[in-house]
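For the protein sequence lines, the chains are L and P, in the order given.
Just so you know, we're using the numbering used here here: the first sequence kicks off at 3 and counts up by one.
Just so you know, we're using the numbering used here here: the second sequence kicks off at 174 and counts up by one.
Be aware that one or more of the hints could be misleading.
Selected chain L positions facing chain P (in silico; Cβ < 7 Å) [to be verified]:
(1) 20
(2) 24
(3) 55
(4) 59
(5) 60
(6) 67
(7) 78
(8) 129
(9) 130
Straight-line alpha carbon distances no greater than 25 Å define the calculated SDA-like cross-link-like pairs of lysine to any residue that follow [claimed, not checked]:
(10) P:436 x L:129
(11) P:363 x L:124
(12) P:363 x P:274
(13) P:436 x L:20
(14) P:400 x P:426
(15) P:363 x L:131
(16) P:363 x L:14
(17) P:363 x L:150
(18) P:240 x L:14
(19) P:425 x L:129
(20) P:363 x P:218
(21) P:240 x L:13
(22) P:341 x P:400
(23) P:332 x P:227
(24) P:425 x P:455
(25) P:425 x L:130
(26) P:436 x L:125
(27) P:240 x L:125
(28) P:436 x P:402
(29) P:240 x L:135
(30) P:400 x P:385
(31) P:436 x L:130
(32) P:436 x L:127
(33) P:425 x P:396
(34) P:240 x L:150
(35) P:363 x P:328
(36) P:341 x P:306
(37) P:363 x L:133
(38) P:240 x L:33
(39) P:240 x L:130
(40) P:422 x P:373
These aren't lab readings, by the way, just hints derived from the structure by calculation.
Remember, it's a predicted structure, so these values are computed and weren't measured experimentally.
Glycine is no exception: its CB is placed at the ideal position from the N, C-alpha and C atoms.
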Amino acid sequence: MRPTSLIAVIITLLIALICQLFPWVGQGVILRPDFMLVVMLYWLLRAPNLCNVGTAWIAGILVDLATGSLLGQHALSFTLTAYMGLSYQRRLVLFNPWQLAGYVFGLLMFERLLMLFLKLFEGNSFPGWSYFLPVFSGLLLWHLMIILFGALTRPKH
Amino acid sequence: MLKGVHQKLEPQQTPAFFVRGASPFSRMVFFCALSIIMMATDARLNYLSQVRQGFIAALHPLEMIAKAPSNWVRDVNRYFSAHNQLVQENYALKQQAFEHQVRLQRLSTIEAENTHLRSLLNGDIPIQPKAILGEISHTGRDPFSLVVVVNRGSQHNVKAGQAVADSKGVIGQITRVFPFSSEVTLITDKELSIPIQIERNQLRAIAFGEGNNTLDIPYLPANVDIKVGDKLVTSGIDGVYPAGLAVAKVTKILQNPESPFAKIISTPVAEVSNHLQLLILELPQAKEAALPVAAPTAAEASVITKPAAAKPISNSQAPNTPIPTTIIPAPKKPAFNNSAPMNKAKPNAPN
Chain L
3 MRPTSLIAVI
13 ITLLIALICQ
23 LFPWVGQGVI
33 LRPDFMLVVM
43 LYWLLRAPNL
53 CNVGTAWIAG
63 ILVDLATGSL
73 LGQHALSFTL
83 TAYMGLSYQR
93 RLVLFNPWQL
103 AGYVFGLLMF
113 ERLLMLFLKL
123 FEGNSFPGWS
133 YFLPVFSGLL
143 LWHLMIILFG
153 ALTRPKH
Chain P
174 MLKGVHQKLE
184 PQQTPAFFVR
194 GASPFSRMVF
204 FCALSIIMMA
214 TDARLNYLSQ
224 VRQGFIAALH
234 PLEMIAKAPS
244 NWVRDVNRYF
254 SAHNQLVQEN
264 YALKQQAFEH
274 QVRLQRLSTI
284 EAENTHLRSL
294 LNGDIPIQPK
304 AILGEISHTG
314 RDPFSLVVVV
324 NRGSQHNVKA
334 GQAVADSKGV
344 IGQITRVFPF
354 SSEVTLITDK
364 ELSIPIQIER
374 NQLRAIAFGE
384 GNNTLDIPYL
394 PANVDIKVGD
404 KLVTSGIDGV
414 YPAGLAVAKV
424 TKILQNPESP
434 FAKIISTPVA
444 EVSNHLQLLI
454 LELPQAKEAA
464 LPVAAPTAAE
474 ASVITKPAAA
484 KPISNSQAPN
494 TPIPTTIIPA
504 PKKPAFNNSA
514 PMNKAKPNAP
524 N
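So that you can see chain P by itself, here it is in the shape it has in the complex:
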């Protein structure tokens, strides 16, 4: 019987020298399992988007603290910036505004004429997208995805799926909305695609982000009529981006004799890194989406060969704000003035 006691005692481990609670290994296993469950929940189900939104809202004061020093530096710089420079800038801006005024006058007459002609032809009248002026507060903190964060959120009526542009062209699309900020995925991000049109010959195609500040236009035959320097503008058939906004410029065309497709590389014209202000364009109204959708022409059908990817990025983070993905018939005569929707946009008063 003593032998039995001995056998029972033998497999016991030596007592821990310091009392540390559960062993690090068991803690590690528990927390790893917890993280994997959370990752699966976040990736597959949308339960955690509310948690994230709440946390980002709670983090807002901390973010303000973090931003305070750089804001101070900027304010002090502004205070001491030379008077001369401000005068010059003011002069240049006034001149620019005058030029724009003149162009705008012409544009409004052309637009009135266009509306009139459309009404004669019983066509639908193009809508003027409204826009919200936002400011980039910082670039994304994740080195793997190309995003910028804007200081306008759901409190300012920003919704996921809205297009974002600057004075030069399209920047991207809102993918996540928080109460006081929102995340803009750039068109160069690998997850974003944008329906485009070659300005010169109105060829429709879809451009995909490459992840390294370039766009790729796949699935076009090697003999396609695209030249280096061609401008790409939005075609407006997606119901997200208004038609006629500048997107990119073709910079390189690689012909591979083994492949039936041309590799067309283009760089975006928007200058995300050069300035802070950008416009968040309103989504087209539901009225337009409810219009009878014409059967896509053969050309359209052949272009859209990748329906899953052609769809603009899905707003998996905000299930209550669906992006209209209905394909809307492109206007027969798209206005090719790149600044047309921009000039008509009435930004809400900033700040």
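Bound conformation, chain L alone:
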């Protein structure tokens, strides 16, 4: 694994925020991945000394402010997802890439479900199955992160 730095973490999170602010129109809104969540999860699993539950919370607050939802909703879901991710973080080296992708899929799905739960609690109705599409586009973004910043699993010999 290549060494990581705090600057890389901050810059990628900032780029993710800009992507989140990108003016999405038409079908893009449904397919758009949760940029902040995927980037945050990557650094969380890669370098928990640089990006921890607190970083996840800050990322969530930024997403809340950017999307205009109730302040603290994304922060709560990101915090819980980060905790779930950290609980297996030390064992990830033993995973093969497919298992890791499955693990990330589970985490993204967990976040979506949590967000759905919070929104339903707030009095919204179920927005339809397309609500879960960002999980799949998020997986694509995850692979882009791995290509750009290096794999989390052991390289094959």
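Let chain L serve as the given structure and place chain P on it in line with the hints.
Then chain P, alone, in the frame of chain L:
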């Protein structure tokens, strides 16, 4: 005594292999508590709206960066768009402007006549709402609420509660104002309701958003005189939407023999997704709200059976800009030219 030392040592945990500071669990509990406190504060008290406004203003440069590529693409497209097409468009627009001019001439004479008649009858003279031209910068980022964001904010004198319309009809209402942008909740959003009138028989009612691009008119009896294809226009009794703006068209009426009410579904006529420009209409002046409010007639009282929901969306985000919720007596002869307030509107020069 050695035994005692041993007992003290035994419950100790093994030291963490890596030094990680506080355990993830304690961090998670702390930050979850913090988020729940923030959610409660944001939902119940209005302390955080200032924080949000400040943050959105600070985010404005970032948003400009994010928008830059799509703006470039648009500019390049415009640059290369065929000359022929521009000429055609110019011709069509000129023709349209001419037609509008002719209609406007007739309208101004009718309006003068109307004002004169009203002054003879000692009625109040209808005000001409001013408007600000805005452009949709993007749709809402939250999949649960139907909002669009407009590039006009408190710097351009936009206030929460103002009605927003396009050339076809009402789009919605401003719900949140930031320094350089503002959020428009569409009339189809579940939280928005709009007082309407059937154009054909002037029946007053209140339409509620359904959340899926349709409007619902509840609490009307099954034998109510509404047909598929009826046009709904704003009634103007709320003090927010000027009277006579087109809202929606009735598309379906479901009769359930078990229910005393008809289920009337209508679709909005405004085309939010087709173009970018829209008009932010000014709120009616306080002068009108101060006029003696006539006691609502029996018909009005029976229609407004859901006062809490009938009130236009409360501007909980901006407590310093109250929305006038006084019910203003509807004009006896509402002008049913849908474009009347639109044509008279003098938009500020865009950009």
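Can you give the numbers of the hints that this structure goes against, from lowest to highest?
5, 9, 12, 13, 16, 17, 24, 27, 35 and 39
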